[in-house]
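A.B. asks: These are the residues of each chain, in order.
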Amino acid sequence: MDKFRLMFQFLQSNQESFMNGICGIMALASAQMYASFEFSCPCIPEYNYSYGIGLLVVPPIWFFMLGFVLNNNVSVLAEEWKRPTGGRRKDPSVLRYMFCSITQRSLIAPAVWVSVTLMDGKSFLCAFSISLDIERFGNSSLIKGLSETDKMKLLAKIPCEKLFDNKQIREAATKYITCISQACGWIFLLMMTFIAFLIRAIRPCFTQAAFLKTKYWSHYIDIERKLFDETCKEHAKSFAKVCIHQYFENISGEMQHFHQHHSKDDSDNEDENRKSDEEKLLGIRAQDDMNKVLWNWHTCKPALALKKDE
Amino acid sequence: MERLKLVLQYFQSNSESISNGICIILALVSVKLYTSFDFNCPCLPQYNKLYSLGIMIVPPIILFFLGVLVNRHTGVMMDEWMRPIGNRSKNPAVVKYLFSAMLQRALLAPMVWLLVTLLDGKIFICAFSVSVDPTLFSGFPNSTDLDVIKIMAKVPCKEDVIFNNTSFHKAVSRYIRCYSQAVGWSILFFLIVLGAMARLIKPCFDDHATFLQTRYWSNYLDLEQKLFDETCILHARDFARKCVVQFFEDMREDTILCLPHPPFITNFGEEWEDEEEERLHGITKQEQMDQLLNKWYYSKPELNVTRIAHRPRMCVTWKDCKGKTLYSDV
Numbered sequence: 001m002d003k004f005r006l007m008f009q010f011l012q013s014n015q016e017s018f019m020n021g022i023c024g025i026m027a028l029a030s031a032q033m034y035a036s037f038e039f040s041c042p043c044i045p046e047y048n049y050s051y052g053i054g055l056l057v058v059p060p061i062w063f064f065m066l067g068f069v070l071n072n073n074v075s076v077l078a079e080e081w082k083r084p085t086g087g088r089r090k091d092p093s094v095l096r097y098m099f100c101s102i103t104q105r106s107l108i109a110p111a112v113w114v115s116v117t118l119m120d121g122k123s124f125l126c127a128f129s130i131s132l133d134i135e136r137f138g139n140s141s142l143i144k145g146l147s148e149t150d151k152m153k154l155l156a157k158i159p160c161e162k163l164f165d166n167k168q169i170r171e172a173a174t175k176y177i178t179c180i181s182q183a184c185g186w187i188f189l190l191m192m193t194f195i196a197f198l199i200r201a202i203r204p205c206f207t208q209a210a211f212l213k214t215k216y217w218s219h220y221i222d223i224e225r226k227l228f229d230e231t232c233k234e235h236a237k238s239f240a241k242v243c244i245h246q247y248f249e250n251i252s253g254e255m256q257h258f259h260q261h262h263s264k265d266d267s268d269n270e271d272e273n274r275k276s277d278e279e280k281l282l283g284i285r286a287q288d289d290m291n292k293v294l295w296n297w298h299t300c301k302p303a304l305a306l307k308k309d310e
Numbered sequence: 001m002e003r004l005k006l007v008l009q010y011f012q013s014n015s016e017s018i019s020n021g022i023c024i025i026l027a028l029v030s031v032k033l034y035t036s037f038d039f040n041c042p043c044l045p046q047y048n049k050l051y052s053l054g055i056m057i058v059p060p061i062i063l064f065f066l067g068v069l070v071n072r073h074t075g076v077m078m079d080e081w082m083r084p085i086g087n088r089s090k091n092p093a094v095v096k097y098l099f100s101a102m103l104q105r106a107l108l109a110p111m112v113w114l115l116v117t118l119l120d121g122k123i124f125i126c127a128f129s130v131s132v133d134p135t136l137f138s139g140f141p142n143s144t145d146l147d148v149i150k151i152m153a154k155v156p157c158k159e160d161v162i163f164n165n166t167s168f169h170k171a172v173s174r175y176i177r178c179y180s181q182a183v184g185w186s187i188l189f190f191l192i193v194l195g196a197m198a199r200l201i202k203p204c205f206d207d208h209a210t211f212l213q214t215r216y217w218s219n220y221l222d223l224e225q226k227l228f229d230e231t232c233i234l235h236a237r238d239f240a241r242k243c244v245v246q247f248f249e250d251m252r253e254d255t256i257l258c259l260p261h262p263p264f265i266t267n268f269g270e271e272w273e274d275e276e277e278e279r280l281h282g283i284t285k286q287e288q289m290d291q292l293l294n295k296w297y298y299s300k301p302e303l304n305v306t307r308i309a310h311r312p313r314m315c316v317t318w319k320d321c322k323g324k325t326l327y328s329d330v
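Chain order of the listed sequences is P and G. For the first sequence, UniProt numbering assigns the number 1 to the initial residue and increments by one for each residue that follows. For the second sequence, UniProt numbering assigns the number 1 to the initial residue and increments by one for each residue that follows.
Here chain P stands alone, though its shape is the one from the complex (with noise of 0.2 Å):
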């Protein structure tokens, strides 16, 4: 009982644990990745939008291709998906299931990363600072005068805090924009832990059944595929010792028959230690008889097969 205990914790922690492990560190790791990055905005009114959401966008892509990548069960997946019918039928809904695992599980780390950047908020402020309205933060004579583009130009550079002069203006259009990007990241947050709760607490008042039958055949699949690869191994091996063995028999075979006319009055005392040494030996007790062998084992190797030929 104690011995299944085991083993099941291990099979489980090994697979599960495994994924969830390269899940957090990979969430960690995109956390870490924000707060080491230096961000700078171009303050230039054609790019700073770009800049801004594309730092907001394209991490987490990347870090959601990574999450397949780094995933096992991806190739599982695709084999299944693609493999001929044969004598087994394909089941969508194992194939549905694999996929949801795997891409929930890939979704954490741009999750992470979307929720840093917004409670940041720089990306939102380099993003949006062009389309402040700056009269409500104080006097408007800043821009009095000033052409559109040169309004442009002067409001782009409101995140960057060596090239905009006005301190105060600067603070408060700062928090301003920091403001609605927090309030966009909890929303965010918000949005994603209730997806979640929807589908891990309330799935089971639906699909119990189904879900438990497509949940073992998925993990059937994958542990299938590992002792096909483990049987193939031990085959493999056996084969080989086998084989070599019967090369060796074959050779010895020979060299007996050679041997046996030269000295037949030693053939008594070998009796004797006939089932130590002979088992190691396996024949071959002369040096030029074991460079044949050697060089039999290049030149002519023995066919795969494991029916004795004369």
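FYI, nobody ran anything at the bench for these hints, they're computed from the structure. Treat the hints with care, since some could be wrong.
Claimed, not checked - Below 20 Å or equal to it, Euclidean Cα-Cα: the simulated SDA-like pairs (lysine to any residue) are:
id	chain 1	residue 1	chain 2	residue 2
1	P	K162	P	D150
2	P	K233	G	V245
3	G	K295	P	R225
4	P	K82	P	F99
5	P	K82	P	P92
6	G	K122	P	T174
7	P	K226	G	V245
8	P	K153	P	C43
9	P	K215	P	V94
10	P	K226	G	R237
11	G	K122	P	E171
12	G	K295	P	E80
13	P	K122	P	D133
14	G	K150	P	E171
15	G	K49	G	Q181
16	P	K167	G	K158
17	P	K122	P	L55
18	P	K233	G	M251
19	P	K226	G	N294
20	P	K151	P	I130
21	P	K122	P	C160
22	G	K90	G	L223
23	P	K215	P	R88
24	P	K213	G	E224
25	G	K150	G	V161
26	G	K242	P	E234
27	G	K122	G	S36
28	P	K122	G	F37
29	G	K242	G	T306
30	P	K237	G	F247
31	P	K153	P	S50
32	G	K226	G	D238
33	G	K242	P	G87
34	P	K226	G	M289
35	G	K32	P	A183
36	G	K285	P	E249
37	P	K151	P	I169
38	P	K122	P	E161
Since the structure of chain P is already known, use the hints to place chain G on it.
C.D. replies: Positioned in the frame of chain P, the structure of chain G alone reads:
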């Protein structure tokens, strides 16, 4: 018997203490989240209250959902609630017990967040600075042309230039922080008293015997689900092993082999050879192996391992070089 008891105890304590551990971790995560969050009061009259109340309410909701998600009892409770009756009657007391256990654990992290925000005070200052009467404090910045509401809304932003020569904003912040901390400590005190009263008074009202039964059967459901998952995994492994072996053995060509007798036989490792032969499953040629691997991809076997129980044994016939049968298994 003793070993079984130990195993059961391990499982029981494991499940509950794991839930408690996760609950505490979530509470710590909530504190860490608060300290690392860059609280950024907008300092504008129309947005202060909205922002502050948002920060005070939305993260607890998120933490509550997370608490429900990571709790194992949620799945057990939902399964028990939604299952068809079948051959086992449903006990609503068990579902209620599981629900209350799950709820208590899930409410810890939101409570921690609320208390931490109240004891820190920043959020209250941001939300209620506009409602404070400025005449209570000296040093009100008169020099600017902004109206009172706008100035009061800027109090949470200490670095603002209008507060350069005065300590007005510090006084107002301190005042509001006192209120905030008082509210925070009162809530904490109230919760502790409530918990203590519930623990002390509950045995008077509740039937302890029924409670013991309910707790037992909730634990049982949890264990049963774990064991079912475990058994499914072990079964899948056995099923897969048999399926693969059956596939290998189906690729064997003959069940009766006629082989030419070798010129000599050594006594070397009989047992070893039997073991190796078993692992070969009758696949002894390169073409066979290639065909096997090909078929594994193009035509996977059906999911039925009843045949392996009745598989035919391989019978070998040994003949000498002249073709005369020496011995045979047939």
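A.B. asks: Compare the structure with each hint and give your call.
C.D. replies: The hints, checked one at a time:
1. A distance of roughly 18 Å separates the Cα atoms of K162/P and D150/P; the hinted pair therefore holds under the 20 Å criterion.
2. For the suggested pair K233/P and V245/G, the alpha carbons sit about 13 Å apart, so the restraint of at most 20 Å is met.
3. Restraint check for K295/G and R225/P: the C-alpha separation of about 14 Å stays at or below 20 Å, so the hint holds.
4. Simply put, K82/P and F99/P have alpha-carbon atoms about 14 Å apart, close enough for the 20 Å limit, and the pair holds.
5. The suggested pairing of K82/P with P92/P holds, with an alpha-carbon distance near 12 Å, which does not exceed 20 Å.
6. Between K122/G and T174/P the alpha-carbon distance is near 19 Å, which keeps this suggested pair within the 20 Å criterion.
7. Of the supplied pair hints, the one linking K226/P and V245/G holds, its CA atoms being roughly 13 Å apart against a limit of 20 Å.
8. Straight-line distance between C-alpha atoms of K153/P and C43/P comes to about 8 Å, which keeps the hinted pair within the 20 Å bound.
9. Between the alpha carbons of K215/P and V94/P the distance comes to roughly 7 Å, so the proposed pair stays at or under 20 Å and holds.
10. Between the alpha carbons of K226/P and R237/G the distance comes to roughly 10 Å, so the proposed pair stays at or under 20 Å and holds.
11. Annotation: proposed proximity of K122/G to E171/P holds, straight-line Cα distance about 19 Å (limit 20 Å).
12. Under the criterion of a C-alpha separation no larger than 20 Å, the hint pairing K295/G with E80/P is consistent with the structure, at around 15 Å.
13. Simply put, K122/P and D133/P have alpha-carbon atoms about 18 Å apart, close enough for the 20 Å limit, and the pair holds.
14. Between K150/G and E171/P, the direct Cα distance comes to roughly 16 Å. Compliance with the 20 Å bound is thereby established for this hinted pair.
15. For the hint linking K49/G to Q181/G, the alpha-carbon distance of about 18 Å falls within 20 Å, and the restraint holds.
16. At most 20 Å may separate the alpha-carbon atoms for a hinted pair to count; K167/P and K158/G meet this at roughly 14 Å.
17. Note on K122/P and L55/P: the hinted pairing holds, with a Cα-Cα distance of about 10 Å set against a maximum of 20 Å.
18. A hinted pair counts as satisfied when its Cα atoms are at most 20 Å apart, and K233/P with M251/G qualifies at roughly 17 Å.
19. A hinted pair counts as satisfied when its Cα atoms are at most 20 Å apart, and K226/P with N294/G qualifies at roughly 17 Å.
20. Taken as a hint, the K151/P and I130/P pair is honoured in the structure, with Cα atoms around 9 Å apart against an allowance of 20 Å.
21. Taken as a hint, the K122/P and C160/P pair is honoured in the structure, with Cα atoms around 10 Å apart against an allowance of 20 Å.
22. For the given pair, K90/G sits about 17 Å from L223/G by alpha-carbon distance, which is consistent with the 20 Å threshold.
23. Of the pairs offered as hints, the one joining K215/P and R88/P holds, with about 18 Å between alpha carbons and a cut-off of 20 Å not exceeded.
24. This hinted pair checks out: K213/P and E224/G have alpha carbons roughly 17 Å apart, not beyond 20 Å.
25. Between K150/G and V161/G the alpha-carbon distance is near 13 Å, which keeps this suggested pair within the 20 Å criterion.
26. Our distance criterion of 20 Å between C-alpha atoms is met by K242/G and E234/P, whose separation comes to about 15 Å.
27. Of the pairs offered as hints, the one joining K122/G and S36/G holds, with about 14 Å between alpha carbons and a cut-off of 20 Å not exceeded.
28. Distance check on the hinted pair: K122/P and F37/G sit about 14 Å apart at the alpha-carbon level, within 20 Å; holds.
29. As the CA atoms of K242/G and T306/G are separated by approximately 9 Å, the hinted pair is consistent with the 20 Å bound.
30. Simply put, K237/P and F247/G have alpha-carbon atoms about 19 Å apart, close enough for the 20 Å limit, and the pair holds.
31. With a C-alpha separation of about 15 Å, the suggested pairing of K153/P with S50/P holds against the 20 Å cut-off.
32. Among the hinted pairs, K226/G with D238/G is consistent with the structure: their alpha-carbon atoms are about 19 Å apart, no more than 20 Å.
33. For the hint pairing K242/G with G87/P, the CA-to-CA distance comes to about 16 Å; that is within 20 Å, so the pair holds.
34. For the hint pairing K226/P with M289/G, the CA-to-CA distance comes to about 18 Å; that is within 20 Å, so the pair holds.
35. A distance of roughly 19 Å separates the Cα atoms of K32/G and A183/P; the hinted pair therefore holds under the 20 Å criterion.
36. In summary, the hint linking K285/G to E249/P is supported, as the alpha carbons are separated by about 19 Å, within the 20 Å threshold.
37. Restraint check for K151/P and I169/P: the C-alpha separation of about 14 Å stays at or below 20 Å, so the hint holds.
38. With a C-alpha separation of about 12 Å, the suggested pairing of K122/P with E161/P holds against the 20 Å cut-off.
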